[in-house]
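Chains as they are written, first to last, in my numbering: chain A, 1 to 293; chain B, 1001 to 1262; chain C, 2001 to 2400; chain D, 3001 to 3317.
Rather than coming from a laboratory, the hints here were simulated on the basis of the structure.
Quick caveat: nothing in here was measured; it's all calculated off a predicted structure.
Just so you have them, the derived chain B footprint on chain D, three or more residues with Cβ under 8 Å:
id	region
1	3002 to 3008
2	3180 to 3186
3	3194 to 3206
Listed below are the simulated DSBU-like cross-link pairs for lysine-lysine, each with C-alpha atoms no more than 30 Å apart in a straight line:
id	chain 1	residue 1	chain 2	residue 2
4	C	LYS2047	C	LYS2322
5	D	LYS3301	B	LYS1132
6	A	LYS141	C	LYS2238
7	A	LYS81	B	LYS1092
8	C	LYS2047	D	LYS3032
Some chain A residues flagged as far from chain D (calculated, every beta-carbon gap over 10 Å):
id	residue
9	GLY58
10	ILE78
11	PHE151
12	LEU174
Even for Gly, the Cβ is constructed at its ideal location relative to N, Cα and C.
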Amino acid sequence: MLNFIQQLINGLSLGAIYALIALGYTMVYGIIKLINFAHGDIMMVGAYVGFFSITLLGTNVWVAMLFAMLTCAVLGIIIEKVAYKPLRNSTRIAALITAIGVSFFLEYIMVFLLGATQRVYPADAFPTQTYHFSGLLMTNKDIFVIASAVFLMIILQLFIKKTRTGKAMRAVSLDQDAASLMGINVNHIISVTFAIGSALAAAAGVMYGVFYGTINPLMGMVPGIKAFVAAVLGGIGIIPGAMAGGFLLGILETMVSGYGNSLFRDAAAYGVLILILLIKPTGLFGEKSGEKI
Amino acid sequence: MNNILEINHLTKTFGGLNAVSDVNMYIEKGELVGLIGPNGAGKTTVFNLITGVYRPNEGSILFDGKSIGGLSPHRICREGIARTFQNIRLFKNLTALDNVKIAFHKEVNYSLLSAVFRTNRFYQGEDQIEQKALELLEIFQLGDKRNELASNLPYGEQRRLEIARALATDPKLLILDEPAAGMNPQETNALTELIHWVRGQFNLSVLLIEHDMSLVMGLCERLYVLNYGQILASGLPEEIRNNPKVIEAYLGEEVTKVVSGS
Amino acid sequence: MKKSFKRKAISLLTTALLLGSLAGCGNGETSTEDGGTNTATSGETIKIGLNMELSGDTASYGSNARDGAMLAINELNAAGGVLGMQIEPIERDNKSDAAEAATLSAALIGEEIAVQVGPLTSGCVNASIPVLSEAGIPIVAPAATAANITVDPDTNEVRPYVFRVCFIDPFQGTLMAQFALDSGYTTAAIYKDTSSDYSQGLAESFKTTFEAGGGTIVAEEGFTSGDRDFRATLNKIKGTNPEFLYVPGYYQEVAPLIKQAREAGITIPMGGGDGWDSPDTLSVAGADALNNCFFTNHYSSEDADEKVVAFVTAYKAAYNDKTPDAFAALGYDAIMAVASAIESAGSADPQAITDALASLTDFEGVTGTMTMDEQHNPIKAGVIIEYVDGAQVMNTRIEP
Amino acid sequence: MELLKRNPAALFLKILILAGIFSAIQYMISFKILSTYYQMTLTTLCLNIILAVSLNLINGFTGQLSLGHAGFMSIGAYVSVVFTQNLDAPFLLALFMACLGAALAGLVIGIPTLRLRGDYLAIATLGFGEIIRIILYNIEAVGGAAGITGIPKLTTWPWLFGSVVLTILVINNLTNSSYGRAIVSIREDEVASELMGINIVNYKILAFIVGAMFAGLAGGLYAHFFYIIKPNTFGFMKSFDVLVMVVLGGLGSTSGAVIAAIFVTILSTVLQSFPELRMVLYAMVLIIVMIFRPQGLMGNKELSFKILRRKRGEAKK
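The whole structure should be built from the sequences, with the hints applied where relevant.
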């Protein structure tokens, strides 16, 4: 039982990283209905910006995170304007292929500029502290990522439900044409969405670096796909769903490794994706909506 | 059995809202029926229910005596219902001829292997389809446009091509969603004649949604009026024209339009 | 219409500018590539094909080995070359792809190379062998540790043109298992990288030796390269109460793994192979976590041996203060072994090099002194290195 | 035979050209004019053509984004090797089983996921490819991560040539039939297509199976040429390479896919020494082509004598 709770904690903190990335994924998908394959790679760029901010500028981890978020917000806007916007009225397959192109572009431009070797995140940027409660084990980093995932999810949810921009986002995600008729500047709203989504990815990137100690140009690929699985699991386009999906996926992977066969952990994650797509493609929190004809 | 289509208690809800509720309709064989109503009344939803795009929550749809409610669209098409779309949905990057050929799909009489190995049967089948498709294009005066991409055709011709494509599926019931939208009066007149002629020639029943009242009144033998997802009235065109409820429903819309400044 | 064209034109321009700036950076970065050839004076050169993994998932092994090899070539050329001839490296990227590696070997044969150094991974080496052997060109694999590289597994015959400068998987696994048994441990767990044949090979030989010596393997778990979170499996392993944990993997995964193991309260000794060796292991896992950790290696970059010190200094000077890992050292040694073979053969003819490589004796490399055995595997010392408060300390040196 | 009557001159010409290409290369191989390197590049080229043409059926003609082509290829490779190495089956049977195995996998993944919208399919096929790889890692019988080595070299030029011709022929004949038009109509407008009586799920699955089948063929040929197969060979990167070819050549143009496969194979050889740049360039090709010509360079046009003639006619006007 104790071991089970320990595994649950492990699962939650792994899931928190997925959740953070999934939040941005789900926002972008919600608004332009595009799987932004590059999202995981924006996280990677964020991790690098944080890394250089700490090592070259000597900032602390919080300033580094802020830097990373700002840089990636701008990067997100640029990516949208350059690569996605011209394709807004194209076929879905064209947009998807572009997204894959952007993803590879970010990965290999970083390999080209910085080399494929990994970088070590300075360990003293965020010293680990370990807490024991009656046989259970938790580090300050666990608490930090879980808390940030929940905190950011709540902020984001409030932002979307309460603010003017948030409401405009919802309107755009429901019907772009109608929203623009209502006087909403659709381009502006899409830019804001990309900025927020990318900033969240950057935050996740810095946390990833702090948490696991190393970063490399291809680090975004797998977490990116996993985060997408998390977003689908929770119901894509739904903010609390992304977080729940992230945590669920983290726990699932932990349980497969901890009680099943660690060799098939990733297979289980993709298996769940295919399963959820079959049984309830709209995800756990999603509602069905028909296509307009 | 004199009715080609019979709809009973048809209901469809979206997220708790009734888009269509308790609709009852029938169409007799060979009849030309219109479905009218203000914007957002649920007309296209009824069409989508009949053609299987949506599944009804309640109610039955009988086509030629057979229940088709809940069948998938391609099955319903094979039963003999064909349609056009409010905002034209041609296969834009294909030629006019290919658009029609695709709709002849259920007449393909050669197997996949025949196609791969190019047997004689394949060539015969293709020739037949090509010939039929060309005939149909000629009927709709599109013969010389056969190799044009659908997206390059002028608006009116796209509408005609869509009807031709629908007829290629050999329907018993043709469903037209605002066929005259965006046409000038001259074109509308030609269309009216065309629909009349097509019905006789192909031995069809026709159900159409239309906003253009002159077309509806001149063409349809019977009308249904839909408002807020419910049948408000039905009857002969003259009866509908003078029905106070209908006038109110339409007037209401006009008034809102004026108020909202559109 | 016009407007959308303008928008597209702008985005094209932006991308073009990006590409332009990219190409600009590229010139500066890749200048090391042909650094070795510029001192060539005599018309005759010895062409060495470098068939390496420079992109794809094992790109970091290939680029480090390439750097080590280029350093060796530059040193040799600066010292007047081999037999008075300059060495001309022909560098090719096999994209970590076996088919590509084979194709490149064929291309290198066309360029009349005397010998091929690389690829790094056993799979790519295996794919290269048939082409090169047919043409009678020797291949020196710096780091292909799979047992079946130099010997044909079907016929059990030694492949005449295939050599390597590293010890083989079974050697490392056996070494560590023996070490664990000697230390008095009777139960062990294995946590291996299932996506790497290297890791699987080490795990297998560890298991065989350990069980043959009377020990029990209580758990065998796996991760895949790229993983960073190992806590769930570590907790599971912890539950099986092993006395020793064998983690044959590469430092990218092993370092966070060790750290997480210690955080999860796994205090038992842990062991691994040469894949552990990197300064990153220390900086990621931390000195405390690494106490009571041991790994088998070809060489240690912190070794006080003067050959090693000279190599590390030269490497750091050449590559932005980067510390050479085992791949870099093995790449360097592969070139040096080839050079030594050419000198002793007195000829750069492929067949002469092959014969000289087969009888290579007491060649002093950075990774140890080696003598080629009849199976074309170097007989060389292996070391077990222990981490003591962050420092690599030679625990045991096992002479051949 | 109708086939002979239709346009005997063109048919004769085509056969003549093919026979010419075949014998010219066979001559060069037999008399060792073509070095091993060029033979290997030629093999890669042929495999790329098969992969690009078959993926184009799924991505280009049907409009469904599949990112799991390398997964199907790996199934073909492993199945064929099991047949030749462990069961001593003749090569033809092994290749046939490779196709069958991959087609079966296409069916298994196709039935559930093709009911979904396009973007889910992309992710599902990606996950599917990964699952295959993970499973292969963990099957000791096929060598785990190390894969299988020492595969007999059975893939020769006649096999390659025959396979390329077969692939192009089958896919071309399929797409130029009613079945092919049905498939294309799905890409153009799924809803309209279904309302015209086309069972879109069936046709998507058909395209998927046929595409997977030829990927399996490519896998079998690959395994018996390059001596070794391992799970990592068939990663996402391989699928990505093929996708670049399809996009470049035109989504829905078989001749475009062939041309692009040739072009990309040569380009990748030229860029050998600039590995990172190659990937950056590939990525930019995807982005730029999609922005300026979302239908791909050739669009859905086929290169044929007819087009050439028409072009000349236009120029005269």
